[in-house]
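Colleague: The lines below spell out each chain.
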Amino acid sequence: MKLVTAIVQDKDTTKLSNAFVKANIRATRLATSGGFLRSGNTTFMIAIEDERVPEVMEIIKKVSQKRKQFMVPPISLDASGDHAGAYPIEIEVGGATVFTQSIDSFEQF
Amino acid sequence: MKLVTAIVQDKDTTKLSNAFVKANIRATRLATSGGFLRSGNTTFMIAIEDERVPEVMEIIKKVSQKRKQFMVPPISLDASGDHAGAYPIEIEVGGATVFTQSIDSFEQF
Amino acid sequence: MKLVTAIVQDKDTTKLSNAFVKANIRATRLATSGGFLRSGNTTFMIAIEDERVPEVMEIIKKVSQKRKQFMVPPISLDASGDHAGAYPIEIEVGGATVFTQSIDSFEQF
Ligand code: NI
Ligand code: NI
Ligand code: NI
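Chains as they are written, first to last, in UniProt numbering: chain A, 1 to 109; chain B, 1 to 109; chain C, 1 to 109.
Extracted from the complex, chain A is given alone in its bound form:
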């Protein structure tokens, strides 16, 4: 067994939980903050058979990897009352930090 720990952005949490359920992978969710990613984040712990680690990694990557997104920035008015710069800008969202560790023993009671 391996323990996969994945730290992802809060915004990807629900989609990732659903993807794990669909793949019949049991993931425990921890509310976390700070650290690896700038905005709010969530940590998933997944204890899994060695041979399924690549599948877990693939799901995390697919759902949570860094990608570009367009957003319209909040409008700021200048002195003349004209609103400047309501053009969509490209921002980076998502991203996951994932590490795996060995498990010595695994039991369910």
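It is worth saying that the hints were derived from the structure and are not from the lab. A few of these clues could be false.
[Claimed, not checked] Within a straight-line C-alpha distance of at most 16 Å, the following computed EDC-like cross-link-like pairs (lysine to aspartate or glutamate) qualify: (1) C/K66 to B/E107; (2) A/K15 to A/E58; (3) A/K2 to A/E107; (4) B/K2 to A/D104; (5) B/K2 to B/E49; (6) B/K62 to A/E107; (7) A/K2 to C/D104; (8) C/K2 to B/D104; (9) C/K62 to B/E107; (10) B/K66 to B/E107; (11) A/K62 to C/E107; (12) B/K66 to A/D104; (13) A/K66 to C/D104; (14) A/K61 to C/E107; (15) B/K61 to A/E107; (16) C/K61 to B/E107; (17) A/K68 to A/E92.
[What the hints assert, rightly or not] Some residues of chain C that are not near chain A, with every Cβ distance over 10 Å (derived): (18) K11; (19) V53; (20) P74; (21) E90; (22) E107.
These numbers were taken from a predicted model, which means no experiment stands behind them. C-beta: ideal position from N, C-alpha, C; glycine also.
Starting from the structure of chain A, add chains B and C with the ligands where the hints point.
Modeller: For chains B and C with the ligands alone, coordinates are given in the frame of chain A:
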């Protein structure tokens, strides 16, 4: 030293905390959700000397293992006003997922 | 890579977070309770290159180690209305429990 991570149902959390205190075992509690067990759960982290791991496992098993419980389901009234089916039913509660990992170094400042 | 897990008192959390940021160390924070330290505590997870582990330990030790502090205990009135014992007393605050573990693989998506 070993790290024992135990994911148990919320309903067994207080009893398990008390059992650890009584046995002089220091356990750190994390609020977690989803995953190994269907309902709300709590994760305990216990860093412990190798030779005490069986004792920790025994406590977790004793307090948290799956067991049957009788409950009376909420009463539903049928059209005639009779209440149907207020018979106790047997449900399964509790359950723990526990894994142990090696610790390279352990320090207290 | 190593995983450093540090459990510190809540009161040292902000200072420790800031010290990690200043040292360019990414730490993920978990709200935890009970266990290693009597009062409220916070757990930091730090995945870090092996050679930086001593630096991480040094920061944790510097910020969070047990130290003496003077506090004035809350005043209790005796029957006569005199307040007794408003002398500062020395108490112990802080303290950290830290353990390190091996990481098999580390990836960022
Ligand atoms: Ni969060
Ligand atoms: Ni819970
Ligand atoms: Ni706390």
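Colleague: With reference to the structure, classify each hint as holding or not holding.
Modeller: Outcome of the hint check:
{"no.": "1", "hint": "C/K66 to B/E107", "in the structure": "holds (13 Å)"}
{"no.": "2", "hint": "A/K15 to A/E58", "in the structure": "holds (14 Å)"}
{"no.": "3", "hint": "A/K2 to A/E107", "in the structure": "holds (13 Å)"}
{"no.": "4", "hint": "B/K2 to A/D104", "in the structure": "holds (9 Å)"}
{"no.": "5", "hint": "B/K2 to B/E49", "in the structure": "holds (6 Å)"}
{"no.": "6", "hint": "B/K62 to A/E107", "in the structure": "holds (14 Å)"}
{"no.": "7", "hint": "A/K2 to C/D104", "in the structure": "holds (9 Å)"}
{"no.": "8", "hint": "C/K2 to B/D104", "in the structure": "holds (9 Å)"}
{"no.": "9", "hint": "C/K62 to B/E107", "in the structure": "holds (14 Å)"}
{"no.": "10", "hint": "B/K66 to B/E107", "in the structure": "violated (35 Å)"}
{"no.": "11", "hint": "A/K62 to C/E107", "in the structure": "holds (14 Å)"}
{"no.": "12", "hint": "B/K66 to A/D104", "in the structure": "violated (23 Å)"}
{"no.": "13", "hint": "A/K66 to C/D104", "in the structure": "violated (23 Å)"}
{"no.": "14", "hint": "A/K61 to C/E107", "in the structure": "holds (10 Å)"}
{"no.": "15", "hint": "B/K61 to A/E107", "in the structure": "holds (10 Å)"}
{"no.": "16", "hint": "C/K61 to B/E107", "in the structure": "holds (10 Å)"}
{"no.": "17", "hint": "A/K68 to A/E92", "in the structure": "holds (5 Å)"}
{"no.": "18", "hint": "K11", "in the structure": "holds (17 Å)"}
{"no.": "19", "hint": "V53", "in the structure": "holds (15 Å)"}
{"no.": "20", "hint": "P74", "in the structure": "holds (32 Å)"}
{"no.": "21", "hint": "E90", "in the structure": "holds (33 Å)"}
{"no.": "22", "hint": "E107", "in the structure": "violated (5 Å)"}
In this structure, the hints that do not hold are numbers 10, 12, 13 and 22, in rising order.
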